[in-house]
Amino acid sequence: MESREQIVSQAQVIFREVLDNPSLVLTDELTAPKVEGWDSLNHVTLVMTLEEHFKVKFTTREVMGWRNVGEMLNCLEGKLNK
Amino acid sequence: MTGEIQAWQIADLSLAELLKKGKAVERDRCNAELRLGILGDCATQHYTQCLAAALKLRGIWPDIHEAEFDSIQQETLDRDGPLFRHAPKAVVLFNCVQKLEERHALSKEPDGFVQHVLDEMQDVWDRLLAGGVETILQHNFCLPMFRPFGNFTVASRHSLLDMVAHINGALAERALANGAVRIVDTEGQAAFFGKKQWLDERLWCQAKQALSPRFLPPLAKSVSDIIAERTGRSVKCVILDLDNTLWGGVLGDVGYDGIEIGEVTNIGMVFQRFQNALLQLKRRGVILAICSKNDEANVRRVLAEHPDMVLRESDFVKVSANFSDKVGNIREIRAALNISLESMVFIDDSAFERDFVRTALPELQVPEMPEDPADFVTALTAWNLFETGNSSAEDASRTAFYQANARRQALEEKAADLPAYLRALEMEADIRPFDGFTTPRASQLFQRSNQFNLTTIRYSEAELTAIAADPDCDTFTLRLQDRLGDNGIVAAVIARAAGEALHVDSWIMSCRVLGRRVEQATLDVLARLARSRGCKRLVGEYRPTAKNAMVAGLYADLGFVPEREEDGANFFVLDLSGYRRPAEIPIDIHFHEMQGPQDGEPRTNREPGSSDFQGSPG
Numbered sequence: 004m005e006s007r008e009q010i011v012s013q014a015q016v017i018f019r020e021v022l023d024n025p026s027l028v029l030t031d032e033l034t035a036p037k038v039e040g041w042d043s044l045n046h047v048t049l050v051m052t053l054e055e056h057f058k059v060k061f062t063t064r065e066v067m068g069w070r071n072v073g074e075m076l077n078c079l080e081g082k083l084n085k
Numbered sequence: 017m018t019g020e021i022q023a024w025q026i027a028d029l030s031l032a033e034l035l036k037k038g039k040a041v042e043r044d045r046c047n048a049e050l051r052l053g054i055l056g057d058c059a060t061q062h063y064t065q066c067l068a069a070a071l072k073l074r075g076i077w078p079d080i081h082e083a084e085f086d087s088i089q090q091e092t093l094d095r096d097g098p099l100f101r102h103a104p105k106a107v108v109l110f111n112c113v114q115k116l117e118e119r120h121a122l123s124k125e126p127d128g129f130v131q132h133v134l135d136e137m138q139d140v141w142d143r144l145l146a147g148g149v150e151t152i153l154q155h156n157f158c159l160p161m162f163r164p165f166g167n168f169t170v171a172s173r174h175s176l177l178d179m180v181a182h183i184n185g186a187l188a189e190r191a192l193a194n195g196a197v198r199i200v201d202t203e204g205q206a207a208f209f210g211k212k213q214w215l216d217e218r219l220w221c222q223a224k225q226a227l228s229p230r231f232l233p234p235l236a237k238s239v240s241d242i243i244a245e246r247t248g249r250s251v252k253c254v255i256l257d258l259d260n261t262l263w264g265g266v267l268g269d270v271g272y273d274g275i276e277i278g279e280v281t282n283i284g285m286v287f288q289r290f291q292n293a294l295l296q297l298k299r300r301g302v303i304l305a306i307c308s309k310n311d312e313a314n315v316r317r318v319l320a321e322h323p324d325m326v327l328r329e330s331d332f333v334k335v336s337a338n339f340s341d342k343v344g345n346i347r348e349i350r351a352a353l354n355i356s357l358e359s360m361v362f363i364d365d366s367a368f369e370r371d372f373v374r375t376a377l378p379e380l381q382v383p384e385m386p387e388d389p390a391d392f393v394t395a396l397t398a399w400n401l402f403e404t405g406n407s408s409a410e411d412a413s414r415t416a417f418y419q420a421n422a423r424r425q426a427l428e429e430k431a432a433d434l435p436a437y438l439r440a441l442e443m444e445a446d447i448r449p450f451d452g453f454t455t456p457r458a459s460q461l462f463q464r465s466n467q468f469n470l471t472t473i474r475y476s477e478a479e480l481t482a483i484a485a486d487p488d489c490d491t492f493t494l495r496l497q498d499r500l501g502d503n504g505i506v507a508a509v510i511a512r513a514a515g516e517a518l519h520v521d522s523w524i525m526s527c528r529v530l531g532r533r534v535e536q537a538t539l540d541v542l543a544r545l546a547r548s549r550g551c552k553r554l555v556g557e558y559r560p561t562a563k564n565a566m567v568a569g570l571y572a573d574l575g576f577v578p579e580r581e582e583d584g585a586n587f588f589v590l591d592l593s594g595y596r597r598p599a600e601i602p603i604d605i606h607f608h609e610m611q612g613p614q615d616g617e618p619r620t621n622r623e624p625g626s627s628d629f630q631g632s633p634g
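Chains as they are written, first to last, in the numbering used here: chain A, 4 to 85; chain B, 17 to 634.
I should point out that these hints are in silico values taken from the structure, not numbers from a laboratory. Be a bit skeptical, because a hint or two may be false.
List time: in silico EDC-like cross-link candidates among lysine to aspartate or glutamate, alpha-carbon distance up to 16 Å [as the list claims (entries may be wrong)]:
| hint | chain 1 | residue 1 | chain 2 | residue 2 |
| --- | --- | --- | --- | --- |
| 1 | A | 60 | B | 411 |
| 2 | B | 39 | A | 23 |
| 3 | B | 37 | A | 20 |
| 4 | B | 252 | B | 411 |
| 5 | B | 37 | A | 23 |
| 6 | A | 60 | B | 216 |
| 7 | B | 36 | A | 8 |
| 8 | B | 224 | A | 23 |
Let's have the full structure, built from the sequences with the hints guiding it.
Shown next, in the form of structure tokens:
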């Protein structure tokens, strides 16, 4: 059982690395247009890296559906704590 | 090379590491530049970043125009558009199988599909080459995995799999015939890493990514290998350790019959397979040398007599087995072969030796060998160390050329005076125009030679063929034989007539034959060709590069007079009225006609009828 805080802190490391932005802070309301370098391609890398790190797999529909970081983390949390 | 990263390492980097290291390279660390175009029918942003990083890490600074998504046709059709305005010397064409699958689904005439795709790609090549592009890097297609006919898919002419296999085969053939087009083996890489990992339907659907980005570093590395090879950088020699590299065990401890090689043990099998792979390299023209801390007599006995050795003494150009340090030995091997450290790879199972050699000789590639020798061949595959652009009949004989050279050097050291030694060699030069037989080797010289290369123009094989057919041009290769063996084709020359002058456009010679008066013989051939055209002057051109200082004084040494400097090139003139063949050139020259499958009328490098033609001495 991973807590939301543990998930967020691990995900934040991945976001910072992939987007090459060492001071990025993940919040639920955060969206791609607000972050420099978060384009569709980096988005793919983010999803892939999260999958590898957390040993989960997101479906195409899930990835399409996220409107912000909070929804992405909810989805991830749901899979981890199933 | 820019210091801390060696070329082989690029394939092992993660996507993030590669991009980070690429960004850190400063422009002044690069000694070459490349104007590059990247066109794809898939998303190319990450690909472009990775390729740029890989090139920078090898000292090539790219100036890239990345086309809009899926606009290969539009950009190559628009002669005034952004691609041609960028004036790229090289263009990458990244066509992907996903796009092919989608087009195949929509195609109304499956029978003509293969031909249609090929014609369209050929048109793109033609447009790029007509627009001044010198090198096209064409990705082949990853063979699709879906099996609509089950196992029978491989047999059905109607399966997309079969069609893509045919397209790949035809692309390779056409690229070879063209010469300016090089195939990037996407299929080979995808198969190596596993297509279930390589292809990801989600990535294509979400972001039009043709492959999982985690495989971009090795893919970009292999594209950069072709580019590096086109600029004259390639691996020509592998220097090998022996104990626990070519066989199992330490020869000095376990003795002649104690080393592990062959089917006697599992690990013996592993080393046998590694030797098999090295033999394939040797046959394709990579030369092998030994650098081992061992007793030489013991090593020679294993090479000569051990029943299970695959590689024999004759497979190595040099055996350096002694107990002095490896750096000194490698320097000696390098000097004996007269090739650069950059064109050699050192393979040793010992981390200590690798580190010692890498620190002292950073230009030499020293890959980090896997702990288990069973992984050696796989590692060599992943690093793609041995890029080449063509193969010629000479490749298989290259080892013998170097071995005969070693015997010549030994003889030379003993000979009292050099002229007497050279006369005793009984050298003969066969002069042949670029034709079906000589052009492949001429093309290798044009691609690979850096040092004895007066203008360093990298003509492709197709361009050489076109030049050979130009009535204003004289082309020839020089093949040197002597009593110790055949040296093969060691020089290639292009000269262009303009009025009363014959301009030497390109003159390249293998450093294997330095000091043998081949330069004087080549000049004599040029003088004869010029006279038979009625030309009165030879014009020589020297364009300095980072590597060809060796020939800066060549024309002056041969009696040319400096004429002018223009666009960084130095021009020299030789008035033929004052030229006589030096009596002491110890080389007999024979002219031959063009042979082999060449289009058009057979031409000849006319045996010149000029009256002052002198036979060679003795």
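Okay, the hints, checked on the actual structure:
1. 60(A) to 411(B): 49 Å, violated
2. 39(B) to 23(A): At roughly 11 Å apart (the allowed maximum being 16 Å), residue 23(A) and residue 39(B) satisfy the hint.
3. 37(B) to 20(A): 14 Å, holds
4. 252(B) to 411(B): Given that 16 Å is the threshold and the Cα spacing comes to 11 Å, the pair holds.
5. 37(B) to 23(A): Holds: residue 37(B) and residue 23(A) sit about 12 Å apart, inside 16 Å.
6. 60(A) to 216(B): Holds - the C-alpha atoms of residue 216(B) and residue 60(A) are around 12 Å apart, at most 16 Å.
7. 36(B) to 8(A): Violated, at about 29 Å.
8. 224(B) to 23(A): 22 Å, violated
In this structure, the earlier hints numbered 1, 7, 8 are contradicted, and the remaining ones agree with it.
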